[in-house]
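Novice: Construct the complete structure from the given sequences, taking the supplied hints into account.
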Amino acid sequence: MWRILKAEFRYNAKILVPSYFIMTFMSMIGIFLGLEHGSFSTVAWIVYYFAFSILAYKIQKEKRERLYTGLPVTLAKIGVTRLLLLLLVYSSLTLLWIFPYFMEYSIFHDRQLWSLIAGNFLILSSLMFAIILHDLKFCSGKNYRVIFLFSVACYFALLILIVIVKGLLAEQPGQQIAAPILNWPILTIVCFIPIPVSIYLSIMFFTKRTSFLGKETC
Amino acid sequence: MANAFKLTNLTKTFSEFQLGPLNLELEPGTVLGYIGPNGSGKTTTMHCMVGLVRSDGGEVEIFGRPNDLNKPAWKLDIGYVGDTHVFYENWSGGKNLKFLSEFYPDWSDKIVSALARRFNLDMHKKAKALSTGNRVKLALIAALAHSPKLLLLDEPTAGLDPVVRAEVLDVLFEVLETGERAIFYSTHILSDISRLADDLAFLENGKMTLRTPKDDLTDKWRRISFRLAQSNLKLEAVVSRKHEDAEHQVISSDHEVTLKQLGAIGAENVQENRMTIDEIAVQILKGHKDVANTQS
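Protein chains in written order, with the working numbering: chain A, 1 to 218; chain B, 219 to 514.
Please note that the accuracy of each hint is not assured.
[To be verified] Think about it this way: if two alpha-carbon atoms lie no more than 30 Å apart in a straight line, the pair counts; the simulated DSS-like pairs of lysine-lysine are:
id, chain 1, residue 1, chain 2, residue 2
1, B, Lys460, A, Lys137
2, B, Lys460, A, Lys14
3, B, Lys478, B, Lys460
4, B, Lys346, A, Lys14
[Claimed, not checked] Chain A side only, calculated, beta carbon under 8 Å to chain B, not exhaustive:
id, residue
5, Lys63
6, Gly70
7, Leu71
8, Leu75
9, Phe150
In case anyone wonders, no lab produced these hints; they're calculated from the structure.
Ideal Cβ placement from N, Cα and C applies to all residues, glycine included.
Specialist: Now the structure itself:
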């Protein structure tokens with residue numbers, strides 16, 4: 001497992017190092033320009049998007065899952081390795097902008113902290129959803145895909161609804177947010193829930209795939 | 219001792235194709251040529267065996283162990299060269315092999331060096347810069363470096379020009395002839411494997427039509443010509459027949475039986491000619507039902 005992970009980091013250094021460099025550079029620019037909290041994290045998320053898109057494209061194009069499936073390694077370990085790669089790249093990229101961000105905005109509102117964490121959980125979940133959707137292409141039973149997409153859509157619809165309600169309530173001065181789900185710490189937990197669920201589903205669907213050829217056969 | 223591999227009622231269905239139910243086994247140290255036209259299911263069989271595709275039913279055993287992807291120790295016993303050669307494209311051949319070596323306790327750098335020299339392969343070149351022929355060579359080295367007891371070769375020379383193909387086959391056979399390993403070699407070009415194979419299995423439309431020792435084919439099959447006024451002949455073991463007036467030409471899957479019968483009915487000017495293994499294969503794949511009957 002670690003050997004594959006190590007190989008992936010070494011092999012993808014040409015993508016990762018520039019991403020780390022760009023992320024650091026963007027952070028510096030963000031501080032220099034005095035970007036707002038929201039703009040700061042938006043810039044970081046754009047870097048995530050490009051880094052992970054290129055990484056996923058290369059892994060897909062070079063049929064890496066096929067390469068790993070040929071090795072004497074269990075499927076579960078390969079599934080875990082994919083997630084570890086995602087988590088480690090994500091965490092390292094995040095650290096690069098979170099530190100300057102904290103240094104710049106040393107005085108923090110609770111709301112900002114929770115929204116920052118919740119936002120990161122959501123991005124991480126979205127990346128995991130993409131991996132699961134990819135695996136579902138190779139699982140027999142097309143209904144899985146529909147059920148999964150429907151569940152994800154419901155989850156995001158619920159989140160959007162909560163954010164809208166919060167926004168509406170915030171516009172009314174003196175209005176207390178009564179429902180516990182509308183509090184930021186609780187909302188952050190709601191954003192976190194898909195992560196363990198995705199980890200479980202990702203490993204399960206990977207091990208249930210009917211093909212590892214890198215092309216759809218079923 | 220367990221079979222090198224054993225397929226029991228193996229099936230795999232795609233939208234317009236069904237493989238099997240397939241029953242096939244190979245003893246250790248034996249070379250089996252797996253012959254069939256394009257689209258007959260050779261590659262699917264290999265994919266099911268190595269776990270790249272999950273079968274719909276049946277069992278695959280490698281040296282007595284099921285090919286369970288969650289207990290992958292059986293993979294240490296096999297070397298596989300498939301229809302696609304997957305590498306880290308921006309790494310050199312040497313670096314790719316170094317990566318693979320970490321997973322195989324019996325990996326031998328000596329074998330790698332010897333084969334690279336023999337294949338005249340530049341190990342410093344990036345995988346993406348290698349020609350098709352050199353990618354095949356790299357894949358063969360990767361498959362052989364851990365001295366597998368079973369080698370699964372899925373049309374390894376497909377797409378190569380004749381010169382490179384001959385070069386790859388020469389080296390490959392030279393290496394394989396010295397080993398005691400079992401080899402399962404799929405191809406639609408029988409001459410590729412006829413030099414090495416002990417047995418041949420023929421596949422068509424996902425079904426195995428015949429499995430026979432190679433020597434039986436070359437010993438028994440003959441093209442026989444003769445003169446006989448009678449045109450409506452019923453000859454045993456004949457799989458193909460044409461005639462012009464009294465001149466007949468038949469292909470027999472058991473020349474002794476056919477000749478004996480021709481003698482009995484008074485055929486004249488009887489001449490028999492040996493057939494190449496390729497010619498026999500064409501006949502088998504063209505008229506497999508007759509052949510299957512006559513062989514049994």
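Novice: Which numbered hints does this structure break?
Specialist: Going through the list in order, the structure violates hints 1, 2, 9 and respects the others.
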